[in-house]
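Number of protein chains: 2
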Amino acid sequence: MLELTKEFLDQLRLQIEDGRDVELAAVVGELHPKDVADVFDALKREEVLYIYRLLDSDSRSEVISEMEEDIREELLSSLSSKEIAEDVIEGLDSDDAADALADLPEAKVEEAVRLVDDQASASEVLELLNYEEGSAGAMMAVELVKVQEDWTVASAIREIRSQASDVANIYTIYVVDESGRLNGRLSLKSLLLNASSARSILRDLKDDVEMVSVEAHESEEVVVKMMERYDLVALPVVDASGILLGRITIDDAVDVMIEDAERDYQLASGISEDVEGKDSVWTLTRARLPWLLIGLGGGVGGAYVIGAFDIENNPEMALFIPLIAAMGGNVGVQSSAIVVQGLASASMNMGNLAGRLLKELSVGMLNGLICSAVIFLTSLLLGFGWNLSTTVSASLLCVIVFAALFGAFVPLMLDKRNIDPALATGPFITTANDIMGLIIYFSIGSLVATWMP
Amino acid sequence: MLELTKEFLDQLRLQIEDGRDVELAAVVGELHPKDVADVFDALKREEVLYIYRLLDSDSRSEVISEMEEDIREELLSSLSSKEIAEDVIEGLDSDDAADALADLPEAKVEEAVRLVDDQASASEVLELLNYEEGSAGAMMAVELVKVQEDWTVASAIREIRSQASDVANIYTIYVVDESGRLNGRLSLKSLLLNASSARSILRDLKDDVEMVSVEAHESEEVVVKMMERYDLVALPVVDASGILLGRITIDDAVDVMIEDAERDYQLASGISEDVEGKDSVWTLTRARLPWLLIGLGGGVGGAYVIGAFDIENNPEMALFIPLIAAMGGNVGVQSSAIVVQGLASASMNMGNLAGRLLKELSVGMLNGLICSAVIFLTSLLLGFGWNLSTTVSASLLCVIVFAALFGAFVPLMLDKRNIDPALATGPFITTANDIMGLIIYFSIGSLVATWMP
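Sequence order for the protein chains is A and B.
Just so we're aligned: 11 in the numbering used here is position 9 of the first sequence, and the numbers increase by one with no gaps anywhere.
Just so we're aligned: 100 in the numbering used here is position 98 of the second sequence, and the numbers increase by one with no gaps anywhere.
Fair warning: there could be bad hints in the mix.
Reference excerpt, derived from the structure (chain A facing chain B, CB under 10 Å, subset only) [unchecked claim]: (1) K36; (2) D37; (3) E230.
The set of hints was computed from the structure by calculation and includes no laboratory data.
For glycine and all other residues, C-beta sits at the position ideal for the given N, C-alpha and C.
All chains, full assembly: derive it from the sequences and hints.
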């Protein structure tokens, strides 16, 4: 992988300044398109445009498909309609082209489309723009290789040759019936192994496996789960009547997987927008503020709970407030995280809500008993006295059990109502458990103060 | 996807009981191997073995490669050496076979290997067992299609046909020189497009791209990053002198990606072992206990911080303890999560530590000022008085700035010392920030009590 050093970038800038275009084109031409995209990420807009126009036509398209969305949008808005027509609509796979066009003003897209030679493929790209974002239809590319089941091997090979030039990776040859309905697949391998029997009918060579496909309106989550589950490198997309529309390749599914994982991770860490370290200070601040404000609200709530208790006559109760609050939050996050992951990987059987909660209850009890015993002995040894030690250890047990159940219950409930359960992991669980923990602690404290004065 | 209902499982159990083997084989035979593996996951050991022996030889191997590791280990330990030889060593791809054998006692493996017809491929599998777990070598399969650059198209097609029968998905044909050194690739597509010019030399048909490969000793993290970065479906593995050893396919890389994401997520949520909701109560308890004990330690530390302050004469200071503690933890987790993600995706430039911390300082200041202003006004409006409101808002600002810097600093430091930065996100950051927050709060409280009595 290319190590992007300051020296390398400075060298490029110098070559731009001096107009040493041949040299520059040679240096950049040796890089992998993904590396060029990274270089673009680090350069200024005019510099990007300068280098971009030195690339040959194939590389331009490849680099565009590798660029980060924001930088790509910037670059495309500087290009002419003719360049959009050639480098994007003609040069990219239909799914990447549609992604790129989605960010451009409609008038420019129309103008560019008019400049494309192959109007049929241009309108295929435009059609992809109609699918809802996040659906299988919006993820798919129309480029694929398909053959009809009643063809012979010889005619299939002829047809495949002509189709293959548009398709970057063939992976699988789809077999359809006369009306275009998907009804099987043929591996390149079996075609290669049977190339000598040119008269065989494809129907007899079709792979004898159940064909996995997805309807265009399904969500990208379904796509990713299917591809992961069945180890697919390409998933065919069909309409409601089974007509083959396109296919989704594994590289796009991997991108969605990574985005989902990052999103869940950020939600669990209390970050509400998709941000990266390189985003602006204001974007980063805004992404973090919601949880902080919820935390503030929780803190004020906590102040009221403590204020309702006679803290002035039992000031020693203050000592263990941080412990109780922290433990409630920690346990809640732990149990919600396990539920969220279980739901995401579909390994959790939701039919069995009661069983799930019973298990959380057991885990909570066990953890609670251990922690409660540890804190009781520690607190006694450190000389905090019987009353305080009893209060802390009894309330810790209650807090841990409550937080474990609550942490598991909330994401399960959200999921049942079709709300993203990952929302539960961050602010809500911790804040709710903080307050509930204080209520338990001070209630038990009052009881102990009354009974064991 | 198969919906695993209780009715379906009961039906299978009934068929096993009644010995209706033909019926049972037909029902299970219609399922995808992955679905059969899920069924096995839900059945008892004897039931699994019963159904397994009804499957045909191909399905047995496919199901084994799809099973969860613990269930697979259980099943394999019940099989005879002959079954291991046929269903595992001969039936699975070399990488899956090596994974499966790794769990078996050495004597049984040796016996099984002796029963394999093709001793050459058996010893290839055994060799894979020598690579260190988590290395590219341990991930790769030796099955691949390779041709020599000085061959003609005709001889290549003949050779590929004979090699291809062992390889589930060809993806790419690797081109090597006479000594076996990888020096290019040939797509099935270009072979198909050039099949008519049988006399052409492969050297002239080779794809004109830089060949991406990985050395066998590299870690799986490197493999995953490369495959993700360059959108590869297969990555060739070479030794130090460039000899082609095997290849890693995208399905295995995806598995590693998902495991890594789950691990990071669990660490951020304070879970220290790789657990799933269906694990035993004791496993789940043990995975959560470490953070809880660290949290307990932090809580006791917090008690000492509060005890050092004259809480008896300023009991109102107790009211905002939960707020200060919670905010320190929250901010710390947020800023460490962004750094951990940046490091994982390699988008963060570590050369620039000072710049990174300066940015965290800005974000912390901005968030701190907003939260501090909000709490000052709220607290005054709610009648908590000037002294307490000043103390809370001033310390909140300090706590937020400190926690943001500390949360970013710790994972950066860990990464510099080659320790997994994700370790920082859970227990350490929150506990350290809790305590630091309390120290700041009570120090400022003492100052305010002295200056504004």
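**Prompt:** Does the nearest C-beta of chain B fall within a distance shorter than 10 Å of the C-beta of A/D37?
**Reply:** Status holds, d = 9 Å.
**Message:** Given a cut of 10 Å on the nearest C-beta pair, is the interface hint for A/E230 held or broken against chain B?
**Reply:** holds (6 Å)
**Prompt:** Once the shortest beta carbon distance from A/K36 to chain B is found, is it less than 10 Å?
**Reply:** Because about 6 Å separates A/K36 from the closest Cβ in chain B, which is inside the 10 Å limit, the hint holds.
Every hint from the earlier list agrees with this structure, and none is contradicted.
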